[in-house]
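Trainee: Protein chains in written order, with numbering that gives the first Met the number 0: chain S, 0 to 342; chain R, 0 to 411; chain V, 0 to 244; chain F, 0 to 515.
If you're looking for bench data, these hints aren't it; they were derived computationally from the structure. Wrong hints could be hidden among the right ones.
[Claimed, not checked] Some, not all, of what chain S presents toward chain V, calculated at C-beta under 8 Å:
1) Ile210
2) Ser213
3) Arg217
4) Val218
5) Val220
6) Arg228
7) Leu232
8) Gly233
9) Asp235
10) Gln238
11) His239
12) Phe242
Quick reminder that beta carbons are idealized off the backbone N, C-alpha and C, glycines included.
These are the residues of each chain, in order.
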Amino acid sequence: MRRLIILAITLLLALLPALNLAGLGVSDFVITVVGKWLCYAILALSIDLAWGYAGILSLGHGAFFALGGYAMGMHLMRLIGPRGVYGHPVLPDFMVFLGYQELPWFWWGFQSFPFAMLMALLIPGALAFLVGYLAFRSRITGVYLSILTQALTYALMLAFFRNDMGLGGNNGFTDFKELLGIALNTPLARALLFWSSLAALGGCLWLGTSIARSKLGRVLVGVRDAEARLRFLGYDTLQHKLFVFVLSAMMAGIAGALYVPQVGIINPSEFSPGNSLEAVVWVAFGGRGTLLGAVLGAFTVNGLKTWLTSVAPDLWLFVLGAVFVAVTLLLPRGLIGLLEKRR
Amino acid sequence: MTLPTITRRAALAGMAGSMALPAIHSASAQGAPIKVGVLHSLTGTMAISETALRDTVLMMVEKQNAAGGIMGRRLEAVVVDPASNWPLFAEKARELLAVHKVDVTFGCWTSVSRKSVLPVFEELNGLLFYPVQYEGEEESRNIFYTGAAPNQQAIPAVEYLMGADGGEAKRIVLLGTDYVYPRTTNRILRGFLNSKGITDADIMEEYTPFGHSDWQGIVTRVKAFAAQGKKTAIVSTINGDANVPFYRELGNQGIKAEDIPCVAFSVGEEELAGIDTKPLVGHLAAWNYFMSVDAPANREFISDWHTFIRNPRRVTNDPMEATLVGFKMWAQAVAQARSTGVDAVRTAMIGQKVAAPCGFTLEMLPNHHLTKPVMIGEIQENGQFNIVWRTPAPVPAENWSRYIPENANRRR
Amino acid sequence: MSGRALYVDGVSVVFDGFRALNNLSFIIEPGELRAVIGPNGAGKTTMMDVITGKTKPTAGIVKFGDTDLTRLDEPRIAMLGIGRKFQKPTVFDALTVFENLELALKAVRGPIACWKWRLAAEQRDRIEAVLREIGLSERGQDLAGLLSHGQRQWLEIGMLLMQEPELLLVDEPVAGMTDQETEHTAALLARIAGQRSVVVVEHDLEFVRALGCKVTVMCEGTVLSEGSIDHVQNDPRVIEVYLGR
Amino acid sequence: MIARLLAVLLFCALAASARAQTSFEELVPRLGGGFGPAAEAAQALGTQGDPRALPILRALSEGRLLRNAEGRVILDGRDAATGEAIAAEGATRINLNNRLRVVLRGAIGRLALSSPNAAERRAAADAVFRTRSAENVPLLEDALSREAIPEIRALMELALGASRLLVDDVTVQRAGIIVLSGAGTAEARSLLLEARAAKPELAVDIDAGIATIDRRLAIRRGFETAFQGISLGSVLLLAALGLAITFGVMGVINMAHGEMVMIGAYTTFMVQEALRHTAWAAWSLPLSVPAAFLVTAAVGVVLERFLIRHLYGRPLETLLLTFGIGMMLQQGVRLIFGAQNREVLSPAWMQGTLMLPGGLPVTQNRLWIILFGLAVLALTMAAIRFTRFGLEMRAVVQNRRIAATMGIRTGWVDAMTFAFGSGLAGLAGVALSQIDNVSPNLGTGYIIDSFMVVVFGGVGSLVGTLVGALTLGIVNKLLEPYAGAVLAKVAVLVGIMLFIQRRPKGLFALKGRAAE
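The task is simple: from the sequences and hints, build the whole structure.
Mentor: Structure representation (structure tokens):
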């Protein structure tokens, strides 16, 4: 039954861009907004994999998302080529008017799509590995880890805001032209990105489910509930935590990479701790520990936000805040818990 | 535009249609209001600045409706909240254009928000009025920039500081928040200063993050920089929130305007409303409008504002005036084009003139920027500005600065 | 089973100036059953922490056969064949009884290996055998969180059995149990002990007597007395420590 | 425009050449004749030394001087030049600009050098120092001969030294250099450098003097860095103290902590507005302290009793809950007070700079905040250590069940503890209203820093919070000149992250079994 519903919803989603392309009543706005939610859903999924299963609550997952986004952004900037306002063959506009003479070394290679995609995976993964290794080795868990990751994304935000970083400072990257030879402002590009996001979400969901159902999933639950016991059973839990944390960071990186061409901008505010916190709220809202719950949470909260910011621009923060409060107090298992109880 | 394939009958039908247009408009006076999108953050960090602009647009809409709307059609404001979140700006812009089908949008404050919505407006051929002074280096056919370009604010202010009345500054401190407007403005200023014989050794440039609150160290360093035997002045491109602690520190460390004057490009009446201005008397700001301007249009603006907001203590400021000017020009252009169509309005916009509250008649130039007078005001104890200098006539905007050499290679 | 002996020689542990263990030495022979008793704060739990790698000793040698345990961390020591049962029963509440045992099963441990791993038929049989042994055959598909206190203790012992350790450290296995449960537990432990070395830390002297093994009395981080239960009960130092307080 | 500027310049030149002959009566009306002529006239009035000019110039500098349509200058209902009564109707205030202010300061200073009022003489000496000229030398020598107060004498000597630099006589200039070198201030250094550019022949003397000054300035800079570090630390301390209670003691991850701080700042604003036109207006800031504590504590009690109580032992859920609460509080304040900044005035005793012996400057508001932070810390520690409530709080933290069996109302203690922590956040708000924006976003900027301080210092240790806050403040200020404000902050954050890896329990970890 459940499978059927999921399949139906997926098909329905996959149909949206086709209807849009055919001009059958689905507006561009719907495509971009739902496409964005799909990326958010991947982010929520990645948080849930680490938090819901292994109990690693990262309040800095937005950082991995943003890093993936920056990798994609750098690629898109390189693709602009001489079409920038200043017509410089290599340098992006912001470098030209800030007086850069040549491309900084860390921009090399980003003109290649495979390289950029690799970086969108590897950079978040490497950062997660570094942070995770240091933290897990020192047995930093629970709340401490959360605060630490929050500080991480905050530090990254401050650093990326600096124009001296050579990554566009506050303005970040905008005004992208094309990806893989397709102009980004066309319905086709939007449809392809939408489908890619849907496929990525499906892939991540499949990956997550496969982990959750395997012995690894049970080990992760063990890490969450009684890590010491697992260690005395001979599990080097550092490895398992690192594995899931790095994997989760990479998923977030993919989400970010797909997000950027759809919203058309990446800037350091994606690193802001509030964004990461909000993503955690999606998961809590949908129901942590169930991958579908995370996806559901991301869709519901963002749907609510999109709707409320238009309907009640002055009051939406109240409503959203109240919803968070109500969910944590009344629905400890989230929306999924509510739905399952109904049945 | 050529019409090679249009048949005679079609052309005739078109003519008939255009003749029937006025009738259609009057018929739609009750039915189809003109939609005015408002894209200003009402929550988050930018709400502090942008809510007043939302209110300004609402005030103008109300006023226009009281005067019978435009071409007999009522105006209807569509307010959304992009929540100081840049991707959300793009989403909301698309929503305004694609879902609400607004005819015009007034919105954005930060450059990054404008950069975020720009591709959306270009793709969907929308019309955005951007009311804040910015770094220039942009010219979109879908945006009208009603704030100042750098040559309408920064350069005259620095010239004033270097002149007799400003204290003949020989050393300049460029303080700014680390984002694109201060970076570009300071680059332009550096080029300008160098051209005036002030070398890099006499220029100190420092950037701080958004909302920076601990200015002790920087103000101390400014004092040390000033103690090198030459008259020193500060040029501040510090953004919004960080100004209050900055000015407090300036006052507390005893930096008086007589010794080291500070001219700011982002500090207006609204920002001063949150500060005790007594220690700041004599520090300067450069704008194209001050609330203290003595002109009939300004008196009307202020009284309208106080009536609308129901609070006689609320102030007006430069971006609010720029919003008003943009709105009036748009209304005139729509009336002149007899259409709200973007292409028609865009054409009609160029050359529109408005007697603005700043006391001058401003004109929309073909580069989508305005002519604006430059004024320098001194902070007074009551939080208002005393205008100590102004250009005799409005200055046309140079959105592509001559002090940025790369502009020579710009694609046109 | 020809096992390895555990040597603990001159081990001291200092926490911020407090000597939790003070020059502690003893040997556990392969296949030996040993009871360790001592008042609260004698260092019994710290001793177990040192052997299982949770705490690094400040000084001294801990060897299992020829392997120096002080250099290894908990998982490696566990894989060497040293199992540990906590004072408070710790099982994975959110997993079923069967899954608990499956996790303990001697099999792959690494993350990627765990991901790919599938339960083989003979492994399933073995888990079911252990389920029968600990008397939880009927409860295999229930969540461990739903078990009673005693059942949780048995499940944890069952997990140790799955691990097939050479040396088993058991911390107060019968605390809080009914008499019937205590009996059952004693029988379980005795069965295990036949094949491997077991160290039991216990307060309940009757239980220790029932085990009928050599007893080590610890006090203030060091060995106070060692020998049969009758020997240590008559040791004046032991009497002073237990009654003089 | 250019023509007008030229005219002004021409007029200035004429006025300058005619200065000696121009009479008082002619000069005064020129004060209302635009910035340029006014500056010239004020300069001349100061040089002529006519005592009648002093009240007029003062009135001008204070914005009390009016000008009527006929161009007559009016002071207190009389024509300033002739003294005849004149109606002030239709007259406008004469505006100032910085150039005029500089001239006025010098002119008033010269005229006030011989004032009978010591405070005026002190201000005058300082003003003359800042607007030195060779013509001041005889004036200052004369004033010095009559001055008895040593402090003012020192100021006058400094001013004399500065003015002597401009006299065209090498021996006089050398005397000036020695005085300025002895002063050891940045201003003196600036004057010497200016003179060095003008008089290359004095370079050797001046360089020696500058070297002396630089040694003094280096000490001063060290002191300033330390003071600024401690000051930043005290702000962090205040912001973190409430969190040290709610997070450190109760284990509640209070993401709405920043909003509590913000509410404290708004309470300060409300108290100020309520007292604005009363006799108590000057006391509004001290009175805000108890008010802010009570208001935020009350908000804390409500939150704890109705919401947070249900989530004890689930720290991550409280985190989400308080995040939601924070959103609502922030938007609530935004709707009630508006998104704009609110103005909280600083009392006079919190403005300006205090000079410690040795020329070490201390900004007064920062000094008060340091003292306030330490006082709040001391009171908090005393409250925990010596009061019945503190005892019960510690008992509940250590063993809730046993505390309950001993008759402690644990629910009440929880509520009071949370209220106490929230109240401390409110106090931080009072302090922050003096240095930062009072806006709905006020708290957002401090929440992460506060958490870092508490974690770095050691959760549950107030001493740790103090040491943590001061360390972070000072390290930040030490790095700032080299790395810039942003990188310094990033470096500090990364440093803390690495530190926590090495000592997960922070600087002052609770020891022994209790810490497990």
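Trainee: Is the shortest C-beta separation between Leu232 of chain S and chain V less than 8 Å?
Mentor: holds (5 Å)
Trainee: Once the shortest beta carbon distance from Val218 of chain S to chain V is found, is it less than 8 Å?
Mentor: holds (5 Å)
Trainee: Grab the minimum C-beta distance from Ser213 of chain S to chain V and call the hint holds if it beats 8 Å, violated otherwise.
Mentor: holds (5 Å)
Trainee: Let me know if the C-beta of Asp235 of chain S comes in closer than 8 Å to any C-beta of chain V, holds or violated.
Mentor: The hint holds - Asp235 of chain S has a Cβ within 8 Å of chain V, the shortest such distance being about 4 Å.
Trainee: Taking the least C-beta to C-beta distance, is Val220 of chain S closer than 8 Å to chain V?
Mentor: holds (5 Å)
Trainee: Answer holds if the nearest beta-carbon of chain V is closer than 8 Å to that of His239 of chain S; otherwise answer violated.
Mentor: holds (5 Å)
Trainee: Does Ile210 of chain S pass the interface hint, meaning its C-beta sits closer than 8 Å to a C-beta of chain V?
Mentor: Hint on Ile210 of chain S: holds, closest Cβ of chain V at ~6 Å, below 8 Å.
Trainee: Close enough to count: is the Cβ of Gly233 of chain S nearer than 8 Å to one in chain V?
Mentor: holds (4 Å)
Trainee: Quick check on Phe242 of chain S please, does its C-beta sit within 8 Å of some C-beta on chain V?
Mentor: With a minimum Cβ separation of about 4 Å from chain V (threshold 8 Å), the hint on Phe242 of chain S holds.
Trainee: Given Gln238 of chain S as an interface hint, is its Cβ closer than 8 Å to any Cβ of chain V?
Mentor: Since the shortest Cβ distance to chain V is 5 Å, the answer is holds.
Trainee: Is the shortest C-beta separation between Arg217 of chain S and chain V less than 8 Å?
Mentor: holds (5 Å)
Trainee: Just to be careful: measuring from the Cβ of Arg228 of chain S to every Cβ in chain V, is the smallest value less than 8 Å?
Mentor: holds (4 Å)
The structure agrees with every numbered hint stated previously.
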